[in-house]
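Novice: Sequence:
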Amino acid sequence: QQALVLVQFLRSCDEVLLWISDKEAFVTADEFGTDLEHVEVLQRKFDEFQKDMASQEYRVSDVNIQAEKLIG
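Counting from 1103, one number per residue, gives the positions in the sequence shown under my numbering.
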């Protein structure tokens, strides 16, 4: 039973880390836009990023809860 819980935790961690590494390039980009149209495109991308962050928050919380259960 404990081995199954550990495997599920590791799988969840891998999924969260994969999502984070996928978004890292966007977060570290130094693009500020060269004109109004470019800035508007960047703003839309940022808005999408924020929505994605909000929708993934539960996964990070779940991993934290699983970790607490494993060590506590």
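Watch out, some of these pointers could steer you wrong.
As the list claims (entries may be wrong) - Across the chosen pairs, the derived CB separations fall in these ranges:
| # | residue 1 | residue 2 | range |
| --- | --- | --- | --- |
| 1 | Ile1122 | Ile1173 | 20 to 30 Å |
| 2 | Leu1120 | Phe1148 | 41 to 51 Å |
| 3 | Val1109 | Val1162 | 18 to 28 Å |
| 4 | Val1162 | Val1107 | 13 to 23 Å |
| 5 | Val1109 | Leu1144 | 21 to 31 Å |
| 6 | Ala1131 | Arg1161 | 21 to 31 Å |
| 7 | Phe1148 | Glu1117 | 31 to 41 Å |
| 8 | Gln1103 | Leu1138 | 54 to 64 Å |
| 9 | Gln1145 | Leu1112 | 33 to 43 Å |
| 10 | Glu1159 | Asp1137 | 13 to 23 Å |
| 11 | Asp1137 | Leu1106 | 51 to 61 Å |
| 12 | Arg1161 | Ala1127 | 14 to 24 Å |
Stated by the list, open to error - Dumping the calculated DSSO-like pairs for lysine-lysine here, alpha-carbon to alpha-carbon at most 30 Å:
| # | residue 1 | residue 2 |
| --- | --- | --- |
| 13 | Lys1171 | Lys1125 |
| 14 | Lys1153 | Lys1171 |
| 15 | Lys1171 | Lys1147 |
| 16 | Lys1125 | Lys1147 |
The set of hints was computed from the structure by calculation and includes no laboratory data. Idealized CB from N, CA, C, for every residue including glycine.
Novice: For every hint, state whether the structure bears it out.
Specialist: Against the structure, the hints come out as follows:
1. Ile1122 - Ile1173: 20 to 30 Å: holds (21 Å)
2. Leu1120 - Phe1148: 41 to 51 Å: Given range 41 to 51 Å: violated, Cβ gap about 21 Å.
3. Val1109 - Val1162: 18 to 28 Å: Given range 18 to 28 Å: holds, Cβ gap about 19 Å.
4. Val1162 - Val1107: 13 to 23 Å: holds (18 Å)
5. Val1109 - Leu1144: 21 to 31 Å: Given about 40 Å between the Cβ atoms, the range is violated.
6. Ala1131 - Arg1161: 21 to 31 Å: Holds, at about 23 Å.
7. Phe1148 - Glu1117: 31 to 41 Å: violated (23 Å)
8. Gln1103 - Leu1138: 54 to 64 Å: Taking Cβ atoms as reference, Gln1103 and Leu1138 lie about 58 Å apart, which means the hint holds.
9. Gln1145 - Leu1112: 33 to 43 Å: Between Gln1145 and Leu1112, where Cβ atoms are some 37 Å apart, the hint holds.
10. Glu1159 - Asp1137: 13 to 23 Å: violated (34 Å)
11. Asp1137 - Leu1106: 51 to 61 Å: holds (55 Å)
12. Arg1161 - Ala1127: 14 to 24 Å: This hint holds: roughly 19 Å between Cβ atoms.
13. Lys1171 - Lys1125: holds (28 Å)
14. Lys1153 - Lys1171: holds (29 Å)
15. Lys1171 - Lys1147: violated (36 Å)
16. Lys1125 - Lys1147: Holds, at about 12 Å.
In summary, the structure is inconsistent with hints 2, 5, 7, 10 and 15 from the numbered list given earlier, while agreeing with the others.
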